[in-house]
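Undergrad: Residue numbers (full-length UniProt numbering), protein chains in the order written: chain A, 1 to 285; chain B, 1 to 285.
Incorrect hints may appear among the rest.
Copies of the same chain look alike in the list, so a pair counts if it works inside one copy or between any two.
[Stated by the list, open to error] SDA-like cross-link-like pairs, simulated, lysine to any residue; straight-line CA separation at most 20 angstroms:
{"#": "1", "residue 1": "94", "residue 2": "78"}
{"#": "2", "residue 1": "7", "residue 2": "84"}
{"#": "3", "residue 1": "155", "residue 2": "22"}
{"#": "4", "residue 1": "7", "residue 2": "33"}
{"#": "5", "residue 1": "155", "residue 2": "97"}
{"#": "6", "residue 1": "94", "residue 2": "164"}
{"#": "7", "residue 1": "36", "residue 2": "122"}
{"#": "8", "residue 1": "155", "residue 2": "15"}
{"#": "9", "residue 1": "94", "residue 2": "212"}
{"#": "10", "residue 1": "94", "residue 2": "80"}
{"#": "11", "residue 1": "155", "residue 2": "18"}
{"#": "12", "residue 1": "155", "residue 2": "188"}
{"#": "13", "residue 1": "94", "residue 2": "151"}
{"#": "14", "residue 1": "94", "residue 2": "135"}
Treat the hints as calculated values from the structure; they're not laboratory data.
Quick caveat, the model's predicted, so the values are computed rather than measured.
There are 2 protein chains.
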Amino acid sequence: MRDVIEKSLLSFLPERSLSAARLLDAMTYSLLGGGKRLRPTLLLMTARACGLPIDRVLPAACAVEMIHTYSLIHDDLPAMDNDDYRRGKLTNHKQFDEATAILAGDALLTLAFETILLTEVDAQTRLFLVRELSQASGARGMVAGQMLDLLAEGKRITDEQLVEIHAKKTGALLRASVRMGALAAEVNQETLCALTIYAESIGLAFQIQDDILDVTGDVLLLGKQTGADLALQKATYPARYGLAGARDRVKELTQRAVNALQEPNLSLEASTLIDLAYLLTERVF
Amino acid sequence: MRDVIEKSLLSFLPERSLSAARLLDAMTYSLLGGGKRLRPTLLLMTARACGLPIDRVLPAACAVEMIHTYSLIHDDLPAMDNDDYRRGKLTNHKQFDEATAILAGDALLTLAFETILLTEVDAQTRLFLVRELSQASGARGMVAGQMLDLLAEGKRITDEQLVEIHAKKTGALLRASVRMGALAAEVNQETLCALTIYAESIGLAFQIQDDILDVTGDVLLLGKQTGADLALQKATYPARYGLAGARDRVKELTQRAVNALQEPNLSLEASTLIDLAYLLTERVF
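Isolated chain A (complex conformation):
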């Protein structure tokens, strides 16, 4: 599945013209620069679990990854998290420059909405996909999460605020990935609800796992410095509940995700999604 995602991402990038070469190089550098491809994988696996051939939703899957990639480029900027490395390579603004990185992010964000239109579903369903993606990634979703995360640096925040930051910053796009797979397959409301609970649960578990890896992870495997959250005095689960408490929470959430898909009468073949939920708890990068 990973291979088909990589090929599709490449195919949806604009042609490299002489005049816009630098912009496209910067977009390509980050978009094809590795990464787990979790979001497009979730979208494709959900679509398939709901009976839709994955080649019909590849554009939507790539659109989600473009949004994710742009957000990383902008989050790494000096004015934001000021990171020099990402996925074991220089961050976009270090490899190019700040102006180029800002523009490459803007262009990837825009390209996501151009690409999603190519999803092979009917017109009304395509509109649902655009809505899902825009709502998840904008001022009530991912961008709000990044804003809240920045504002929370060095401050005391409540448990509720910590959950809200995670739900928006990482959770919203993971949730949308699963939901877009389901929406494309035009599943019934009950199945969409179950998949949404699944997505929200693994989304939060994924973020807690990220925080845990920032404390315990291997720099080489992660491709970025560990201890960054601590240095920025970021609110994290391990800082609040200890490593053991955070790990317990990951297990609970994973079980919740699995349970949601084991409800009777859902119109999906849940096994691969359940496997994925367990697999994510074991990741080391």
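For chain A, the structure is supplied; the task is to place chain B on it using the hints.
TA: What follows is chain B alone, placed relative to chain A:
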């Protein structure tokens, strides 16, 4: 028309919640911070000229203005044009901070694609609008133009390159504004072509006029410093052809725009669009 645009822009902003207040304040600051509203006006006037009531395309008009506003916020950033003032007020990153300005831009860009979905036309036509907007504002359009503009600073460039920068940086979105009005009204191909020529012509004239005003304009009326292009050694029409030459070019282009709409057999009521073309040549800010 301006009044209805201002009200609509406000109505499409997300509700102000306590947690995301700063992000929304920054978005609102720039989106409702004045401006000529040329792009939404063009879209609405075109739709009306093609027989469509403007209230049905207000979401599309606001979406275009959101894209325009985000591009100004990002262009003003220190890493880009490094401007302190815009429309007589502090630029977004000066009023808030760089991180907030980057995120407010991202959020407005995303909100544009959420808002455009509310346009009251059929599903397939809405998809055409999303495509038009994304193509015009992305890596083959506006963002590419900004990249080229930055790369051209202090360099000798050809006439063709100067035209390409203008066509992409400013022209693409003005062109899309007119075309979206026409697409929403489902005009025939001939009318769409004529309106596209009209849009491309006034778009280039508008940019040349901008360059002229950067030399001759009144700081108070413009709400920003003049001479900025010169200071940045930017390629401009006045720098290349002198003020008189640049003014002649504005007249020629305006005439070309008007002529395109005076072709027989077009399915539109062209008079207000023609008036607007002439009006734009007389603007002083």
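Undergrad: Please go over all the hints and tell whether each is borne out by the structure.
TA: Here is what the structure says about each hint:
Proximity of residue 94 and residue 78 under a CA criterion of 20 angstroms is satisfied in both settings, with 10 angstroms inside one chain copy and 16 angstroms between copies. Proximity of residue 7 to residue 84 under the C-alpha cut-off of 20 angstroms is found in neither arrangement, the shortest distances being 27 angstroms within a copy and 43 angstroms between copies. In the homo-oligomer, the alpha carbons of residue 155 and residue 22 lie at most 20 angstroms apart only across protomers (16 angstroms), although the nearest pairing inside one protomer, at 39 angstroms, exceeds that limit. Only within a single protomer do residue 7 and residue 33 lie at most 20 angstroms apart by alpha-carbon distance; the minimum there is 13 angstroms, versus 43 angstroms between protomers.
Taking the shortest alpha-carbon separations for residue 155 and residue 97, only the inter-copy value of 18 angstroms comes in at or below 20 angstroms, while the best intra-copy value is 31 angstroms. Taking the closest pair of Cα atoms, residue 94 and residue 164 never come within 20 angstroms of each other, the shortest separation being 31 angstroms inside a single copy and 28 angstroms across copies. Taking CA atoms no more than 20 angstroms apart as the test, residue 36 paired with residue 122 passes in neither setting, with 29 angstroms inside one copy and 38 angstroms between copies. Within a single copy, residue 155 and residue 15 get their C-alpha atoms no closer than 45 angstroms, and across copies no closer than 25 angstroms, so neither meets the 20 angstroms cut-off.
Taking identical chains as interchangeable, the C-alpha atoms of residue 94 and residue 212 are never at most 20 angstroms apart, the minima being 26 angstroms within one chain and 36 angstroms between chains. When the C-alpha separation of residue 94 and residue 80 is checked against a cutoff of 20 angstroms, the pair qualifies both within a copy, at 14 angstroms, and between copies, at 15 angstroms. Proximity of residue 155 and residue 18 under a CA criterion of 20 angstroms is satisfied inter-copy only: 16 angstroms between copies versus 47 angstroms inside one chain copy. Within a single copy, residue 155 and residue 188 get their C-alpha atoms no closer than 43 angstroms, and across copies no closer than 59 angstroms, so neither meets the 20 angstroms cut-off.
For the homomeric pair residue 94 and residue 151, the shortest alpha-carbon distance between copies (17 angstroms) is at most 20 angstroms, but the shortest distance inside one copy (24 angstroms) is not. For the identical chains of this complex, residue 94 and residue 135 are neighbours neither inside a copy (30 angstroms) nor across copies (28 angstroms), given an alpha-carbon limit of 20 angstroms.
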